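Chemist: Quick one: dock chain against chain with the hints and give me the complex.
Chains R and Z, in that order, are what the protein sequence lines are. Each number in this note's numbering comes from the position in the first sequence (counting from 1) with 8 added on. Each number in this note's numbering comes from the position in the second sequence (counting from 1) with 49 added on.
Please keep in mind that the hints were generated in silico from the structure rather than gathered at the bench. These numbers were taken from a predicted model, which means no experiment stands behind them. One should not assume that every hint holds.
Taking beta-carbon pairs under 7 Å as the criterion, some of the chain Z residues facing chain R (in silico) [stated by the list, open to error]:
#1 M145
#2 T167
#3 E231
#4 A235
#5 V238
Straight-line distance between alpha carbons at most 30 Å, and here's what the computed DSS-like set of lysine-lysine pairs gives [to be verified]:
#6 Z/K117 / R/K204
#7 Z/K225 / Z/K254
#8 R/K204 / Z/K254
#9 R/K204 / R/K146
#10 Z/K117 / Z/K254
#11 R/K219 / R/K204
#12 R/K146 / R/K219
#13 Z/K117 / Z/K357
#14 R/K219 / Z/K225
#15 Z/K225 / R/K204
Built from N, CA and C at the ideal position, the CB exists for glycine as well.
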Amino acid sequence: MSDRATEMPTPPALPTPTAVPEAVSPTRQTWQMFYQNRAAMLGLCILLVIIITSIVGPLLYTVPPREMVWMPLTPPGQSEYLLGTDYLGRDLLAGLINGGRVTITIGFAAAVLTVLIGVTIGALAGFFGGWVDTTLMKVTEFFQVLPNLLFAMVVVMLFSPTLTNIAIAIGIVSWTATARLTRAEFLRIREMDYVKAERSIGAGNSRLIWKVILPNAAPPLIIVAALSIGSAILFEAGLSFLGLSDPNAMSWGRMVGDNRPYILDSVWGVTIPGLAIFLTVLAISLVGDGLNDAINPKLRQR
Amino acid sequence: MTQNLLSVQDLEISFRTVAGEVQVVRDLSFELAQGEVLGIVGESGCGKSITALSLLGLVPNPPGRVSKGRILLEGEDIVTASERRLRQIRGNDISMVFQEPMTSLNPVYSVGEQIAETARAHFNSSRSEAWERAIEMLQLVGIPSPERRAHEFPHQLSGGMRQRVMIAIALVCEPKVLIADEPTTALDVTVQAQIFDLFRDLQHKIGAAIILITHDIGVVAQMTDRVIVMYAGRKIEEGPVSAFITDPRHPYTRGLVNCIPRLSLDPSDDPEPLFEIPGVVPSPSDLSLPRCAFAPRCRNAFALCLEKSPPLLPVAEGRAAACWLETEKPG
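With the rest of the complex left out, here is chain Z (with noise of 0.2 Å):
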């Protein structure tokens, strides 16, 4: 087997509150190879975002930390890294872009010295090979006029522009892992379908692994190699894009893919009522129980799934699922 590039182990991410200590994220192992592009999917809440942050060791603390598991990054666990190490891991090898372009951006330096100040910070190079490196990259991520925009202010600039920005600052030290938290969420569709566009065209000229969060299963079919569910802080089926969208495995997945609308041209197809996942993600601190967290809300619940939290078991080549479902049958 090869060296994976990235690897989360029994990743365990606490919370402390009033109630006590929550896990919003349990048991979370996943690998990511070199040049990959994985999609974590799951509703607003299951733990994703923090995931992200947990891979740079950016996980607010307190309240939150990582109470269990490790994340090697070749070899290295970032978890146990200290602060300077991780300074150092951030950016050069790890990077994100963040959900809204609108106000990752610091409204007072000009959208060429955001860029050129991280490529300095990293690479230790001068103010003018810096610059430079920034307008190099502002034309890589398909700016127009890139000397021009590197002198513009980030209000000046719509939103595609400024994740473009976004990308290009994640990307100036060419980092082995890029991390995009629902990069387009806050795009219209015609700049989301460039943005994509965008990432799919650097992954083959930088060859970064890409990790993509979403919520949209659209963008994970057009985007990704392999998926990861998550459902209220676990992975509860991971496999191959393809296998995911066209024979999901879990109630939860099934209920996902089945969310997607679909156009008709014909006019007299009248088409089912969109399906809906009936309930919401439960809250963490009501997981405490020991039953399938996604019980209450699955049609096809029975005896077993509240008693029991099905185990991650691997349903086919690649693939795994945690449902009592593929494994025992109700009987």
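In isolation and in its complexed conformation, chain R is listed as follows (with noise of 0.2 Å):
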């Protein structure tokens, strides 16, 4: 009670501290959105199971994927072989297992490159206008005009066939949109009055492009980012079906090329990797939309 009346004297006090709302800064509202999102959240449930699945499965199920272990062509549920073998005796789920190492770490390793390359070339591009952006763009169109499987083709088969040349092949052929967005995203930001006034208090040219634009440009690339690990997984599956694969390593690719001619005999030996592929990529395209509904600012509002 004597502490209160102490304090009886001082004038009306201005608003309590308390009274301001904590910050919340937009990585962490984004993620709070992310949480919400229902679907999202289930596709990246199932992207870490399939990644978990991916990196501990192999050490836990340590059937060899490339041996001859049964009776070819046995359907699952027939044999101590879950999923049943392929058209050699394979385990299928050998095969699936190891076959995701090969294709998820394919499909991040082409994802990083594309976005690399993507964002270096838009951004510079974009940043500093000119002859560096015709230039630059001259060749993200030399890049566009080549038909992407050919291309990525010829690159595998020139070099050997390795899982580092096929990485690199899809990120070759895919940056362009990439660069494309970068570059819209880097015209629109560096006119902005916060780039102005950056400069006018001495920033330089890197400092603008890395820690000025690139943050503000951030939100589309990585939706792109995401979307990008889906299209190289679905490409790596395409060049191995076509046999352009790493002959050392099993991919889910490589499976449904392999069980291909054997379709009629053995549904499950394409149906099995397939399915894999499409959950991967689906899984994988529901994030992308989910951090696109988080970080779209427009979205928020509702």
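Modeler: In structure tokens form, the structure reads like this:
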């Protein structure tokens, strides 16, 4: 009571600091939005299961994926090998688990490469404009008019079809869309007042590009990056299906391709790895769409 | 004569257009002394803002360039300085507060980070030192509970708060010259007054010279020591602020000063209709004619005005005006 008495003479208090809402960073807001999106969370869960399985799976399930272990073309559930065997009598489950590693690694590596090349070229073109822009956009157009699959096949065939080369080939043919998007974002943001303001207090070009404009251009780029993992996986499947895969590694696309001639004798040989590809790409799309909803400030108003 | 902090000599800024090269600023010279507040006044499009940008070496090039003249900062020419040197000058020696506080802050960083980052770039201080400096600056510009506010993002602050943050960013490196390009145009009147109080307060504390660009004569009267009036890229009058308000010499300046509405408490007092200057600022490409640029809008124009452009001549102690009426009477 005596405390209150001594406080009495003080003038009416300013709004107490607790009245000020806690600062919420845009990153955390985005995560909250994402967390509330059921489809996106489902996608994320599927994706996590697939990734964890392909990391841990081969350590737990040690059947070698490229060795004949049973009668060829055994249907699922008729042997100790849960998903049956393919046309050479190789275990499909082992193939699925080990192939997941390869497929997902290539998907991520190719997407990283796509984003690296695309963002760098788009950023430089959009930021500097003029002849830099003209030259880089001509290069981009050159890559755009090349038929993607054919060009990737040429690259893989010229060099040996190792995993690294396949990832590089996919990256090289698919960066153009990212570059165009990045350039468009840079052209827009370059003219913003805060870029001018940063320049007026002495920010140099590299700071403006990477620390001022890029973070502001990031939302659409994050979505494109996420979705490009999905398309890289499909691309890899396509190449493997055509026989352009690392002969020393099992991948889902290769499983589909290998088992294709025997589709009438064993549907599961192509269906099981095909489903795996479908699920992975679907999960990535769900996550990508969820990110889009979470990041896009217009949708956030709802 | 004491060494002036900033000295602009015969500045000419040109822009390349489809119609050829046009001069948006011509023959502009002025001096800025330590701790002085200089007002630059004029209508939209008269070359105020581009002059301000040229002081930072930020004239958009192409299409613009400084085609003539020198800008000396303590004797060093900014026009010919290297980009690397310019980057040191920006922020450290000269910094700028822009017109639009709503869009001049980077939306993805908290305001504290933005101030701290500037401090770090210029002082090479550690992250925590820079953060403390940021909070100190927020305190200096009168933001309540700065430790909390420093974590907030620009969209969480009001316009006046944001302009305070902009000022904090501009002042964090203790520049010698602060350019304020219509710093309160986007703010409402009560906040305007607060921001100007802040400017004056900070000027006492930090001692920076201020160049205040505005078209608000009231602001000029309150804030500045000396005024330059620009019209169509030229300086047409210069003088101490009191003389500028009470005894404008150039017809254009007279027009500007008469444009201020006056309040009257007497209901029977029927004030004259508010004065306006007829016409609009000529486009820079119309200025190739050898006449006074203001002549088409001037009610006192006579034959000589349409033949020759008047030079800027001293009309009184410390004052100059570019008008034939001051030198040659119509005869």
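Chemist: For each hint, tell me whether it holds in the structure or not.
Modeler: Hint check results:
| no. | hint | verdict |
| --- | --- | --- |
| 1 | M145 | 5 Å, holds |
| 2 | T167 | 5 Å, holds |
| 3 | E231 | 13 Å, violated |
| 4 | A235 | 11 Å, violated |
| 5 | V238 | 22 Å, violated |
| 6 | Z/K117 / R/K204 | 24 Å, holds |
| 7 | Z/K225 / Z/K254 | 12 Å, holds |
| 8 | R/K204 / Z/K254 | 27 Å, holds |
| 9 | R/K204 / R/K146 | 28 Å, holds |
| 10 | Z/K117 / Z/K254 | 36 Å, violated |
| 11 | R/K219 / R/K204 | 14 Å, holds |
| 12 | R/K146 / R/K219 | 27 Å, holds |
| 13 | Z/K117 / Z/K357 | 22 Å, holds |
| 14 | R/K219 / Z/K225 | 27 Å, holds |
| 15 | Z/K225 / R/K204 | 20 Å, holds |
Violation of the numbered hints given earlier is confined to hints 3, 4, 5 and 10; the remaining hints are satisfied by the structure.
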